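Read top to bottom, the protein sequences are chains A and B. Going left to right, the first sequence walks through residues 1 to 229 as our numbering numbers them. Going left to right, the second sequence walks through residues 1 to 239 as our numbering numbers them.
Among these hints, one or two may not hold up.
[Claimed, not checked] Sample of chain B residues with no beta-carbon within 10 Å of chain A, all distances over it, derived: (1) Tyr13; (2) Val33; (3) Gln41; (4) Arg93; (5) Met99; (6) Ile102; (7) Met104; (8) Phe108; (9) Phe115; (10) Gly122; (11) Thr174; (12) Gln196; (13) Ile216.
[To be verified] Here are some, though not all, of the chain B residues that point toward chain A, as calculated from beta-carbon distances under 10 Å: (14) Glu37; (15) Glu70; (16) Ser94; (17) Arg96; (18) Phe97; (19) Leu110.
FYI, nobody ran anything at the bench for these hints, they're computed from the structure. This one's a predicted model, so the numbers in the text were calculated from it and none came from an experiment. The C-beta atom is built at its ideal place from N, Cα and C for all residues, glycine as well.
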Amino acid sequence: MKLAVDRITKQYKNKIAVDRISFSLSEGVTGLLGANGAGKTTLLRMMAGILEPTGGEITADDIPVQTENYRALLGYLPQDFGYYPEFTARDFVRYVAALKGIEKKKAWKKTDELLELVGLSEVANKKIRTFSGGMKQRVGIAQALVNDPKILILDEPTAGLDPKERVRFRNLIAEVGKNTIVLFSTHIVSDVEHIASHLLMMRDGQIIYDGKWDESQGDLEKFYMEEFE
Amino acid sequence: MKKQLEKLLAEAYAAPEPKKKQAFLMNLKPREVSLPEMLWQQAAYVRWPVWLFAICMMAFAIGGSILHLEDTERIVTVLMPFTAAISVLETNRSTRFGMSEIEMATRFSLRSVLFARMTILGILYAVMLCVSAPMLAYAFGGKLLLTATRILIPYLSTMILSLIAERSALGRKTGYSSAAIAALISLVTFWISQEQSQKFMVLRYTTLLENWGILIVLVLLLLTILEQQKTIRQVEAFA
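This is chain A alone, in the form it adopts within the complex:
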């Protein structure tokens, strides 16, 4: 599968948040690095089909972003998300599964598998409002994976995770990335440097680096710090 972003632009009055960005992605983990305010979230929202671009187009194997068929391929974890107060972790994942049109029996099985995978099976029936930030984030990751997405968009998914959870999460994403296009946004280089086969760097709404990174090119963290200072 090929996810193509072609001259995508988002303008708010006199501010250009994303400026004619083009790139294409295939299966594997792509790290999207950039400082806060670089335009990462705006770009990801457009790629998730929830924000209309001012110009340009996004397609997955020629399926346009604004269609139901595109959304059927998608898993999305927003940077900030809420939950209905009465929801348990299990309810939350099952609810998203229902919205993704997954058959009830399959959805229930998949929910339990994913809660096990993210280490929440023992608290699956507890209300999310009692969870820590890291636990909430893990519920968010589970809901994003419930439809076995072909495109997985993760906006700052490691925010709120402790170091141990971070490592566990990276391993999980590396595994998912074998069959899926994963776009992983972060401003922490170590989150992506070992698992991303492809890197995008954003600054002021533009892509300043698009490609692979290997050790012969030097220290990624150093490069990143130089670019964003």
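Following the hints, position chain B against chain A.
Leaving out everything else, chain B in the frame of chain A:
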């Protein structure tokens, strides 16, 4: 014997690990989901207090009609704005609880989810009206259309104002503007239903409803549909 043989065979020849299971699952086409199925699915996520309030209202209208309890009709009309407010609050839950972004990125989009919720609640209150209005009219010797318009006007007025308020910046900030509007319309409905209030009015409320009730309801219904459409259209611009 056969069972034992089956057990021995199962032990001797364990099924191999499925190859490329994940890749196979991902290539399956998503199944079609019909509108009735989606409505049914969303109905399961309408909170129980919403169902309970509607059932209690209906039970009160039926019970009051059977027992000829005085003021049953007035109490029903005074409470109608709260059913409208509950309905609007239920519809706007995604935005209020920060679920909208996740819901928008699912297969059906938030617009479809909102449409489904509005349809479910619309059906619920239509059933409530269809049961309550004839019962009340029959029990208290009123005209069916007059009773129905009396119930519908406060409901639809609250619906329109609440939808407008919930879309406004202030409404989204405060979160419970619908409840305030319901309380206000409820008070006005109560005041209008009092005999003393009629001397302040150019035309008696009952006379007004007898002459213009159907037209007023139709206009309010049209405005409600327009406001619901605006809410559905605007919701994805919040992202």
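(message) If we take the beta carbon of Met99 (chain B), is the closest beta carbon in chain A still more than 10 Å away?
(response) violated, 6 Å
(request) Run the C-beta distances from Gly122 (chain B) to all of chain A and say if the shortest one exceeds 10 Å. (result) At about 20 Å from chain A, Gly122 (chain B) clears the 10 Å cut-off, so the statement holds.
(request) Hold the hint about Arg96 (chain B) up to the distance rule: shortest CB distance to chain A must be less than 10 Å. (result) Check passed: Cβ of Arg96 (chain B) comes within 8 Å of chain A, closer than 10 Å.
(message) Please check whether the beta-carbon of Gln196 (chain B) is more than 10 Å away from every beta-carbon in chain A.
(response) holds, 43 Å
(message) The output says Val33 (chain B) does not contact chain A. Does that hold with a beta carbon cutoff of 10 Å?
(response) Val33 (chain B) not clear of chain A: closest Cβ-Cβ about 4 Å, inside 10 Å.
(request) Grab the minimum beta-carbon distance between Ile216 (chain B) and chain A and tell me whether it stays above 10 Å. (result) holds, 36 Å
(request) Using Cβ atoms only, decide whether Leu110 (chain B) comes closer than 10 Å to chain A, and label the hint accordingly. (result) holds, 8 Å
(message) Does Met104 (chain B) clear chain A by more than 10 Å, comparing its Cβ with all Cβ atoms of that chain?
(response) violated, 4 Å
(request) With chain A as the partner, please determine if Glu70 (chain B) meets the hint condition of a C-beta pair closer than 10 Å. (result) violated, 38 Å
(request) Decide, holds or violated, for the assertion that all CB atoms of chain A are farther than 10 Å from the CB of Phe108 (chain B). (result) Violated, since 6 Å does not exceed 10 Å.
(message) Using Cβ atoms and 10 Å as the threshold, tell me whether Tyr13 (chain B) really stays out of contact range of chain A.
(response) holds, 25 Å
(request) Mind checking the CB of Glu37 (chain B) against every CB in chain A and telling me if the closest is under 10 Å? (result) Hint on Glu37 (chain B): holds, closest Cβ of chain A at ~9 Å, below 10 Å.
Taken one by one, the earlier hints fail for this structure at numbers 2, 3, 4, 5, 6, 7, 8, 15, listed in ascending order.
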